[in-house]
Amino acid sequence: MFARPLSAPADQSSGMLFFICLDDMKNWKPSAPTLLLLPAIIVLAAVVIVPLALSLYSSFTPFRLTKPETFYVFIGFRNYLNILTDRDFWVAFGRTVLLLTVALNLEMMLGLGLAMLVEKATRGQRLLRTLMMFPMMFSPILVGFQFKFMFNDNIGLVNNALQSLGLTDQAIPWLIEGHLAFIAITVAEVWSSTSVFAILILAGLLAMPKEPIEAARVDGCTPWQTFRYVTLPFVMPFAYIAMTIRSLDVARAYDIVKIMTDGGPAGRTELLWTLVGRTAYSDARMGLANAMAYFSILLSILFTVYFFRKLAAARNQIGAEW
Amino acid sequence: MNENAAARLKKTLLRVAYWIGLFLAMLLICLPGLWIVLSSFRPTVEIMAKPPVWIPNELSFDAYVAMFSGIGKGGIPVIDYFRNSIIISVTSTVIAIVIGMAGGYAFARFRFRGKSGWFLGLMLTRTIPGIALSLPLFFIFARIGIIDTHFGLILVYVALNIPFTIWLIDGFFRQVPRDLAEAAQIDGCTRWQAFWQVEFPLAGPGIASAGIFAFLTCWNEFALASQLTRSVNSKTLPVGLLDYTAEFTIDWRGMCALAVVMIIPALTLTFIVQKHLVGGLTSGAVKG
Amino acid sequence: MNGLRSGVCAGALLVALGAGSAFAQELPGKFDGVTIDAKLIGGQQYEALYARIPEWEAATGAKVNVISKKNHFDLDKEIKSDIASNSITWCVASNHSSFAPQYPGIYTDLAALLPKSELDAFVQSTIAASTLDGKLAMLPRAQFDVSALYYQKSLYEDEAKKAAYKEKTGNDLVPPDTWEELAKQAEFFASPPDFYGTQFAGKEEAINGRFYEMLVAEGGEYLDADGKPAFNSEAGVRALDWFVNLYKAKAVPAGTTNYLWDDLGQGFASGTVALNLDWPGWAGFFNDPKASKVAGNVGVKVQPKGSSGKRTGWSGHHGFSVTENCANKEAAASLVWFLTNEDSQKLESAAGPLPTRTAVWAANIEAAKDDPYKAEVLAAFQEAAENAFAVPQTASWIEISNAVYPELQAAILGDKTSKQALDDAAAKATEILQDAGEL
Numbered sequence: 001m002f003a004r005p006l007s008a009p010a011d012q013s014s015g016m017l018f019f020i021c022l023d024d025m026k027n028w029k030p031s032a033p034t035l036l037l038l039p040a041i042i043v044l045a046a047v048v049i050v051p052l053a054l055s056l057y058s059s060f061t062p063f064r065l066t067k068p069e070t071f072y073v074f075i076g077f078r079n080y081l082n083i084l085t086d087r088d089f090w091v092a093f094g095r096t097v098l099l100l101t102v103a104l105n106l107e108m109m110l111g112l113g114l115a116m117l118v119e120k121a122t123r124g125q126r127l128l129r130t131l132m133m134f135p136m137m138f139s140p141i142l143v144g145f146q147f148k149f150m151f152n153d154n155i156g157l158v159n160n161a162l163q164s165l166g167l168t169d170q171a172i173p174w175l176i177e178g179h180l181a182f183i184a185i186t187v188a189e190v191w192s193s194t195s196v197f198a199i200l201i202l203a204g205l206l207a208m209p210k211e212p213i214e215a216a217r218v219d220g221c222t223p224w225q226t227f228r229y230v231t232l233p234f235v236m237p238f239a240y241i242a243m244t245i246r247s248l249d250v251a252r253a254y255d256i257v258k259i260m261t262d263g264g265p266a267g268r269t270e271l272l273w274t275l276v277g278r279t280a281y282s283d284a285r286m287g288l289a290n291a292m293a294y295f296s297i298l299l300s301i302l303f304t305v306y307f308f309r310k311l312a313a314a315r316n317q318i319g320a321e322w
Numbered sequence: 001m002n003e004n005a006a007a008r009l010k011k012t013l014l015r016v017a018y019w020i021g022l023f024l025a026m027l028l029i030c031l032p033g034l035w036i037v038l039s040s041f042r043p044t045v046e047i048m049a050k051p052p053v054w055i056p057n058e059l060s061f062d063a064y065v066a067m068f069s070g071i072g073k074g075g076i077p078v079i080d081y082f083r084n085s086i087i088i089s090v091t092s093t094v095i096a097i098v099i100g101m102a103g104g105y106a107f108a109r110f111r112f113r114g115k116s117g118w119f120l121g122l123m124l125t126r127t128i129p130g131i132a133l134s135l136p137l138f139f140i141f142a143r144i145g146i147i148d149t150h151f152g153l154i155l156v157y158v159a160l161n162i163p164f165t166i167w168l169i170d171g172f173f174r175q176v177p178r179d180l181a182e183a184a185q186i187d188g189c190t191r192w193q194a195f196w197q198v199e200f201p202l203a204g205p206g207i208a209s210a211g212i213f214a215f216l217t218c219w220n221e222f223a224l225a226s227q228l229t230r231s232v233n234s235k236t237l238p239v240g241l242l243d244y245t246a247e248f249t250i251d252w253r254g255m256c257a258l259a260v261v262m263i264i265p266a267l268t269l270t271f272i273v274q275k276h277l278v279g280g281l282t283s284g285a286v287k288g
Numbered sequence: 001m002n003g004l005r006s007g008v009c010a011g012a013l014l015v016a017l018g019a020g021s022a023f024a025q026e027l028p029g030k031f032d033g034v035t036i037d038a039k040l041i042g043g044q045q046y047e048a049l050y051a052r053i054p055e056w057e058a059a060t061g062a063k064v065n066v067i068s069k070k071n072h073f074d075l076d077k078e079i080k081s082d083i084a085s086n087s088i089t090w091c092v093a094s095n096h097s098s099f100a101p102q103y104p105g106i107y108t109d110l111a112a113l114l115p116k117s118e119l120d121a122f123v124q125s126t127i128a129a130s131t132l133d134g135k136l137a138m139l140p141r142a143q144f145d146v147s148a149l150y151y152q153k154s155l156y157e158d159e160a161k162k163a164a165y166k167e168k169t170g171n172d173l174v175p176p177d178t179w180e181e182l183a184k185q186a187e188f189f190a191s192p193p194d195f196y197g198t199q200f201a202g203k204e205e206a207i208n209g210r211f212y213e214m215l216v217a218e219g220g221e222y223l224d225a226d227g228k229p230a231f232n233s234e235a236g237v238r239a240l241d242w243f244v245n246l247y248k249a250k251a252v253p254a255g256t257t258n259y260l261w262d263d264l265g266q267g268f269a270s271g272t273v274a275l276n277l278d279w280p281g282w283a284g285f286f287n288d289p290k291a292s293k294v295a296g297n298v299g300v301k302v303q304p305k306g307s308s309g310k311r312t313g314w315s316g317h318h319g320f321s322v323t324e325n326c327a328n329k330e331a332a333a334s335l336v337w338f339l340t341n342e343d344s345q346k347l348e349s350a351a352g353p354l355p356t357r358t359a360v361w362a363a364n365i366e367a368a369k370d371d372p373y374k375a376e377v378l379a380a381f382q383e384a385a386e387n388a389f390a391v392p393q394t395a396s397w398i399e400i401s402n403a404v405y406p407e408l409q410a411a412i413l414g415d416k417t418s419k420q421a422l423d424d425a426a427a428k429a430t431e432i433l434q435d436a437g438e439l
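These protein sequence lines are chains W, L and R, in that order.
Mapping of the first sequence onto the working numbering: residues 1 to 322, in sequence order.
Mapping of the second sequence onto the working numbering: residues 1 to 288, in sequence order.
Mapping of the third sequence onto the working numbering: residues 1 to 439, in sequence order.
In case anyone wonders, no lab produced these hints; they're calculated from the structure.
Do not rely on the hints blindly, as some may be mistaken.
Straight-line C-alpha distance at most 20 Å; calculated DMTMM-like pairs for lysine to aspartate or glutamate [stated by the list, open to error]:
| hint | chain 1 | residue 1 | chain 2 | residue 2 |
| --- | --- | --- | --- | --- |
| 1 | R | K248 | W | D169 |
| 2 | R | K428 | W | D86 |
| 3 | W | K67 | R | E324 |
| 4 | R | K290 | L | D148 |
| 5 | L | K275 | W | D169 |
| 6 | R | K250 | W | D88 |
| 7 | R | K346 | R | E366 |
| 8 | R | K416 | R | D288 |
| 9 | L | K11 | W | E214 |
| 10 | R | K416 | W | D169 |
| 11 | R | K168 | R | E180 |
| 12 | L | K11 | W | D169 |
| 13 | R | K346 | R | E55 |
| 14 | W | K67 | R | D435 |
| 15 | R | K301 | R | E221 |
| 16 | R | K153 | R | D133 |
| 17 | R | K305 | R | D435 |
| 18 | R | K248 | W | E177 |
| 19 | R | K428 | W | D169 |
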């Protein structure tokens with residue numbers, strides 16, 4: 001049902017095998033976990049797996065939205081071959097990987113800093129925590145408009161502030177110059193998502209037993225050493241959880257980038273998702289777009305699996321304390 | 001004495017530095033958002049002005065008044081959107097929690113073949129970007145006639161939220177000692193009673209945190225909603241934001257005002273449950 | 001008013017003949033018990049009109065069921081999805097002249113459903129732009145768009161500036177009538193980062209449309225008579241160079257290649273741009289002291305002309321279409337007529353948008369007599385509308401736009417020469433047209 005069920009050691013000791021007996025329907029009695037997982041599986045199959053199968057099929061057709069009959073034309077791997085040789089696609093692919101890497105790492109570091117600041121606060125914790133989550137209340141589409149206007153070179157808040165403070169007398173073309181546009185998009189993305197990291201890492205800091213820190217201090221560790229060798233290893237699993245959640249949900253950035261630059265100008269900020277979105281609906285070339293989408297899904301899966309393994313390793317590392 | 005004073009001074013300085021740091025961090029976090037809130041109260045001429053107008057000369061509720069006025073007077077069907085958003089977000093959050101609880105319990109308490117594979121598989125369903133799902137979903141929904149209904153969107157959002165909910169709640173149940181439920185069963189409870197009376201109450205914070213994440217996801221989701229909703233029957237607030245754009249013009253102030261209307265309930269809810277939220281995440285996600 | 005040309009729709013609704021008229025029924029007609037499903041463009045600017053729907057319902061006895069209300073881009077997505085999933089079950093939809101060629105075949109010929117006298121009352125160029133393959137695919141509403149030149153009046157009243165400009169160029173400083181003159185003035189006024197001479201939309205269909213009209217004004221063609229891309233001509237290079245040179249001279253904001261209409265409108269309203277080619281929808285906004293710094297200082301003039309003597313005039317308009325699948329086309333056509341009739345157009349154009357009926361133009365100009373700004377706006381746009389032309393009528397227009405605009409941007413930003421960019425764009429456009437079977 002899923003791409004490839006990962007193998008796991010079968011456990012003989014438990015009588016409750018995830019087990020459906022097909023050749024004897026009369027005595028069929030689903031095991032407890034089957035029953036418990038069934039609703040989840042049904043919903044996910046209906047909403048994710050079936051549509052995914054449909055889009056997988058259409059990626060082998062020249063399907064155009066405005067020509068429904070093309071849905072039934074089979075062209076094999078042509079869409080995929082086109083993509084493999086399309087330089088623009090691979091540039092966008094690379095840029096997406098770069099954006100993910102930069103944004104996720106920045107979000108983690110900033111989230112860590114923010115969480116530590118909030119954790120130390122002796123008063124107003126409740127308010128601070130709520131404020132910390134403030135950006136999560138903003139719909140990504142709104143974030144797009146917001147940062148597009150803020151980074152407007154002529155009348156935007158950012159340039160206005162820089163000019164008022166005398167830091168520059170130029171109109172910095174934030175959304176135009178390739179590197180700056182990448183920065184602007186990263187800022188929008190980081191702003192909207194750092195909260196997720198902060199709240200999870202804060203959870204980690206609050207759960208941390210105080211003894212190891214005391215012990216470290218007694219042993220004469222500097223605050224930096226305490227942080228580096230005691231606190232950090234402890235909160236890393238939380239950071240990886242946040243990473244995993246975020247890498248599950250990165251396509252969220254699509255709404256932001258779509259409004260801010262839509263991949264432009266001259267393709268300088270093109271990401272996989274903007275490319276897929278434009279090919280799919282504006283150009284109406286759904287078949288090709290779905291083939292592209294599979295690359296993007298693959299990318300998400302790689303990121304997610306990678307962080308899952310990191311998470312497992314980090315959990316093991318602190319296993320003793322737990 | 002001198003050493004003491006120096007130490008005290010250093011401590012005070014550190015405290016001051018800390019508060020300044022905290023203040024700056026919060027400022028950075030809040031400023032872009034506050035800009036939106038402020039924009040909703042200012043005349044457009046001051047929002048994007050050059051030279052900038054830093055201190056508002058004039059604040060008014062005009063944008064809010066207009067929002068609730070009739071169509072043609074700058075109004076949009078905000079009440080309908082709000083109702084749709086609430087119904088869809090709350091229902092799908094509740095259902096996702098129930099299904100997630102069942103699933104999480106299965107992973108936490110039972111052993112079965114291919115368990116970790118199933119777990120990762122469930123998680124990976126979340127990696128599919130909305131843009132890849134939107135058209136096939138539309139096809140299917142159009143066939144069975146649930147386009148532009150609450151049900152359609154609720155179904156999608158439940159699916160969107162199940163993976164993370166299962167994950168969080170799984171971790172949480174693992175942390176509740178097995179012995180507790182077993183002891184209750186020895187005392188004469190059925191398995192079912194033991195679950196509701198012993199294990200479920202302990203999972204409260206986990207459920208609260210899963211709930212708030214799920215709610216915020218539904219509340220702000222745009223890509224799928226814009227494809228699967230069409231009219232006031234089911235359009236949600238994020239889709240309604242685009243009512244303020246025309247082909248060549250945009251009413252940015254109006255959009256900001258609607259954004260504020262969207263943010264207030266979300267923020268209030270977060271404020272209420274945030275205590276459980278942090279606790280829930282702690283035990284839920286990691287200790288598993 | 002005559003009534004429905006029922007004869008053309010054989011088998012449909014035979015209306016009782018009355019008083020010896022060939023067309024029995026007056027519009028709007030009677031359609032008791034009929035329900036019309038409609039997809040309408042949403043957003044404040046467009047929805048005031050829909051308040052009239054109950055009137056039509058009361059007059060005809062039919063009901064309108066609005067099944068979708070979205071902005072045009074989402075509506076476009078939705079209609080494409082409906083075509084793809086074979087679920088066009090509705091009767092009436094909002095349409096736009098730039099999008100219409102993409103949906104061949106789903107809309108019926110309105111000329112067959114409405115009396116000729118009614119169609120004659122529209123501005124004929126918009127009727128022509130609404131006619132695809134000989135079928136009148138949509139009836140234009142009072143949302144006609146063509147651009148005119150907005151400018152800051154005070155700049156042209158400043159004696160010091162006048163003298164300086166005269167000295168520099170030898171010409172008088174008056175609102176420009178050619179694009180060449182406009183470029184000179186733009187460079188003259190510009191003083192970045194505080195003030196810019198002009199600006200232009202820089203992405204998506206917007207820059208392609210602006211390039212297209214400049215190309216026409218320079219005497220070029222976008223697609224030749226055979227439908228082949230022909231914009232990489234000398235005229236094309238001249239047209240694109242106009243944008244490139246302004247950008248190089250820093251006479252436009254550096255961000256202009258990322259601007260869409262919203263950024264442009266906000267920019268001119270902020271008082272930091274001297275000259276702005278823009279749409280009629282902004283006229284009220286620019287002169288509203290609560291929204292704009294240039295209120296009271298806005299002049300409007302017909303759009304300048306290019307070296308061929310032709311004026312730019314890329315235009316588009318909104319309208320309503322009736323589907324081929326519609327079970328009751330007469331009722332649908334009646335609704336579409338009602339939403340575009342004189343009263344509807346008066347209501348809609350009172351808020352600023354341009355009408356598409358000749359009589360409404362006249363009435364609006366008459367009504368604006370005592371409001372000098374409004375009169376100036378209307379006069380300028382009426383003249384601008386005379387130079388209007390629609391986009392090439394190919395189903396691939398939007399797709400071509402998407403392929404061409406990154407190349408235009410590349411030239412403007414200096415990544416490529418104009419010729420190189422246009423050759424690359426033409427190659428892509430040719431490929432698209434070949435893939436679509438149009439070449």
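Here's how the hints hold up against the structure:
1. A threshold of 20 Å between alpha carbons decides the hint, and for K248 (chain R) with D169 (chain W) the separation of about 18 Å falls inside it, so the pair holds.
2. Restraint check: the Cα-Cα separation between K428 (chain R) and D86 (chain W) comes to about 13 Å, which is no more than 20 Å; the hinted pair holds.
3. A threshold of 20 Å between alpha carbons decides the hint, and for K67 (chain W) with E324 (chain R) the separation of about 16 Å falls inside it, so the pair holds.
4. Under the criterion of a C-alpha separation no larger than 20 Å, the hint pairing K290 (chain R) with D148 (chain L) is inconsistent with the structure, at around 38 Å.
5. Taking the CA atoms of K275 (chain L) and D169 (chain W), the gap is near 46 Å; set against the 20 Å cutoff, the hint is violated.
6. Distance restraint check for K250 (chain R) and D88 (chain W): the Cα-Cα separation of roughly 29 Å exceeds the 20 Å cut-off, and the hinted pair is therefore not satisfied.
7. The suggested pairing of K346 (chain R) with E366 (chain R) holds, with an alpha-carbon distance near 12 Å, which does not exceed 20 Å.
8. A C-alpha spacing of about 41 Å is found between K416 (chain R) and D288 (chain R), which places the hinted pair above 20 Å, so the restraint is violated.
9. Taken as a hint, the K11 (chain L) and E214 (chain W) pair is honoured in the structure, with Cα atoms around 19 Å apart against an allowance of 20 Å.
10. At most 20 Å may separate the alpha-carbon atoms for a hinted pair to count; K416 (chain R) and D169 (chain W) exceed this at roughly 28 Å.
11. Restraint check for K168 (chain R) and E180 (chain R): satisfied, since their Cα atoms lie roughly 15 Å apart, inside the 20 Å limit.
12. Between K11 (chain L) and D169 (chain W) the CA atoms are separated by roughly 40 Å; this puts the pair beyond 20 Å, and the hint is violated.
13. Proposed proximity of K346 (chain R) and E55 (chain R) is supported: the alpha carbons are some 15 Å apart, at most 20 Å.
14. Straight-line distance between C-alpha atoms of K67 (chain W) and D435 (chain R) comes to about 12 Å, which keeps the hinted pair within the 20 Å bound.
15. Taking the CA atoms of K301 (chain R) and E221 (chain R), the gap is near 25 Å; set against the 20 Å cutoff, the hint is violated.
16. Of the pairs offered as hints, the one joining K153 (chain R) and D133 (chain R) is violated, with about 44 Å between alpha carbons and a cut-off of 20 Å exceeded.
17. The straight-line distance between the Cα atoms of K305 (chain R) and D435 (chain R) is roughly 35 Å, outside the 20 Å bound, and the hint therefore fails.
18. Taken as a hint, the K248 (chain R) and E177 (chain W) pair is honoured in the structure, with Cα atoms around 14 Å apart against an allowance of 20 Å.
19. As the CA atoms of K428 (chain R) and D169 (chain W) are separated by approximately 40 Å, the hinted pair breaks the 20 Å bound.
The structure is inconsistent with the numbered hints 4, 5, 6, 8, 10, 12, 15, 16, 17, 19, although it conforms to all the rest.
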